[in-house]
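Novice: Please take these sequences and the hints and turn them into a complete structure.
With my numbering as the guide, the letters of the sequence shown map in order to residues 1 to 329.
Since the hints were derived computationally from the structure, they do not count as laboratory data.
This one's a predicted model, so the numbers in the text were calculated from it and none came from an experiment.
Hints should not be assumed to be uniformly reliable.
What the hints assert, rightly or not - Pair by pair, the computed Cβ-Cβ distance ranges are:
| id | residue 1 | residue 2 | range |
| --- | --- | --- | --- |
| 1 | Y86 | N26 | 22 to 28 Å |
| 2 | E298 | P112 | 42 to 48 Å |
| 3 | E285 | E186 | 41 to 47 Å |
| 4 | G209 | P182 | 30 to 36 Å |
| 5 | S180 | Y76 | 27 to 33 Å |
| 6 | L312 | Y76 | 24 to 30 Å |
| 7 | K82 | Q318 | 32 to 38 Å |
| 8 | K242 | E285 | 23 to 29 Å |
| 9 | K83 | G176 | 27 to 33 Å |
| 10 | A322 | E285 | 18 to 24 Å |
Glycine included, C-beta positions come from ideal geometry on N, C-alpha and C.
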Amino acid sequence: MTDNQPKPSAGEKRVHSEMSSDNVANMLSTTQQIENIFVSQRVEDLDTLASGKVTLHKDSITLGADIQGIDNLKKYYQAFFKKYNYKHEVLCIAADEPSSVAFSFVADTAEPKDGVFTKLDDKETAPSRCLSIFMYTFNSDGKVNDIKFLRQPSKDEMARKFVKSPDYSSIPKFVGAEFSDPKYWEPSAENTKKLHAAAAAFNEIWKTGDASIADKILDKDVIDYNLMFGGEPKTGAEQFKKMITGVFKIWSPDQVKCSIAVTSDSNKAFIYWASHGEQTDTHQENHFYGLNLLIFNEKGLVKEILGFRQPLASERPQLLKADAQTAMT
1 MTDNQPKPSA
11 GEKRVHSEMS
21 SDNVANMLST
31 TQQIENIFVS
41 QRVEDLDTLA
51 SGKVTLHKDS
61 ITLGADIQGI
71 DNLKKYYQAF
81 FKKYNYKHEV
91 LCIAADEPSS
101 VAFSFVADTA
111 EPKDGVFTKL
121 DDKETAPSRC
131 LSIFMYTFNS
141 DGKVNDIKFL
151 RQPSKDEMAR
161 KFVKSPDYSS
171 IPKFVGAEFS
181 DPKYWEPSAE
191 NTKKLHAAAA
201 AFNEIWKTGD
211 ASIADKILDK
221 DVIDYNLMFG
231 GEPKTGAEQF
241 KKMITGVFKI
251 WSPDQVKCSI
261 AVTSDSNKAF
271 IYWASHGEQT
281 DTHQENHFYG
291 LNLLIFNEKG
301 LVKEILGFRQ
311 PLASERPQLL
321 KADAQTAMT
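Specialist: The structure is reproduced here in structure tokens:
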């Protein structure tokens with residue numbers, strides 16, 4: 001682990017929970033039980049895991065309106081299970097006690113039960129493995145009250161909603177022991193705290209546009225995967241810094257908030273961030289959020305960045321078909 005990582009700003013300082021915290025253990029257990037619903041398809045299990053007023057927030061890409069209340073959420077999940085044959089893999093989870101949140105990084109494969117796919121590029125689509133990050137916010141009684149998510153669209157959804165299908169062919173599957181339990185990583189409370197500080201510093205880059213912070217937390221060969229928009233990953237800390245400089249030439253945030261959770265037994269940190277500001281070249285106001293997973297090397301430097309974010313207002317016409325844009329407003 002390196003010791004030259006910057007400390008989080010005053011607004012982000014928090015007392016980091018010990019890995020053995022009962023509250024963290026309960027949040028992790030509840031998160032795992034919710035994820036198990038996608039395997040068992042027993043939506044009634046939500047009754048003991050989520051509050052009656054739980055809200056699944058729209059992502060404005062695959063879901064156009066909030067799902068409010070536990071009964072509506074169960075109906076939404078049940079309708080999905082009725083339509084699709086479904087395989088659900090939990091790749092990693094983490095929780096943070098001070099912010100009462102837990103995260104999951106998952107992969108789903110869904111195939112219509114009637115075998116009929118929407119045509120994509122004049123061919124019938126095949127089942128697709130889609131990556132997602134979920135964030136669960138907990139009430140004081142230990143039940144989930146708020147769910148935010150961002151996920152890759154299935155090929156079926158791409159055909160129905162997207163102007164041009166994202167290319168995910170360069171994105172790894174993120175499976176196997178080397179991903180879930182790398183041999184070089186030694187879990188400890190000290191390492192967890194350092195990863196938390198590095199994740200807070202990563203958020204500070206996006207909050208301030210200060211690309212120089214990257215020199216202290218990123219491996220020089222870091223790989224940046226855009227899980228939402230796809231395409232070839234960006235490689236190298238210098239390319240990342242150039243990208244940050246370019247973004248902040250047209251983006252002026254006036255409000256950024258975040259939540260962070262570090263995996264207690266592995267080398268990863270989740271970040272939820274929400275930003276409000278103006279895209280200065282189009283003068284469009286944006287209020288959007290993103291979900292990231294940072295993967296660290298044996299030195300405690302970020303070696304891979306996995307990122308989702310909602311599209312800016314200026315990006316929506318290039319991403320979504322007109323009827324899909326209407327449905328998402």
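Novice: Compare the structure with each hint and give your call.
Specialist: Outcome of the hint check:
Between Y86 and N26 the C-beta distance comes to about 27 Å, which sits within the given range of 22 to 28 Å. Evaluation of the 42 to 48 Å hint for E298 and P112 yields a pass: the beta carbon distance comes to about 43 Å. Taking the beta carbon of each, E285 and E186 are about 46 Å apart, inside 41 to 47 Å as hinted. Evaluation of the 30 to 36 Å hint for G209 and P182 yields a pass: the beta carbon distance comes to about 32 Å.
About 29 Å separates the C-beta atoms of S180 and Y76, a value consistent with the hinted range of 27 to 33 Å. Against the hinted window of 24 to 30 Å, the Cβ-Cβ separation of L312 and Y76 comes to about 27 Å, which satisfies the hint. A C-beta distance of roughly 33 Å is found between K82 and Q318, which places it inside the suggested range of 32 to 38 Å. Checked against the hint of 23 to 29 Å, the C-beta distance between K242 and E285 comes to roughly 26 Å, which is consistent with it.
As the Cβ distance of K83 to G176 is approximately 30 Å, the hint placing it in 27 to 33 Å holds. For A322 paired with E285, a C-beta distance near 21 Å keeps the hint of 18 to 24 Å intact.
Consistency with the previously given hints is maintained throughout, with no hint failing.
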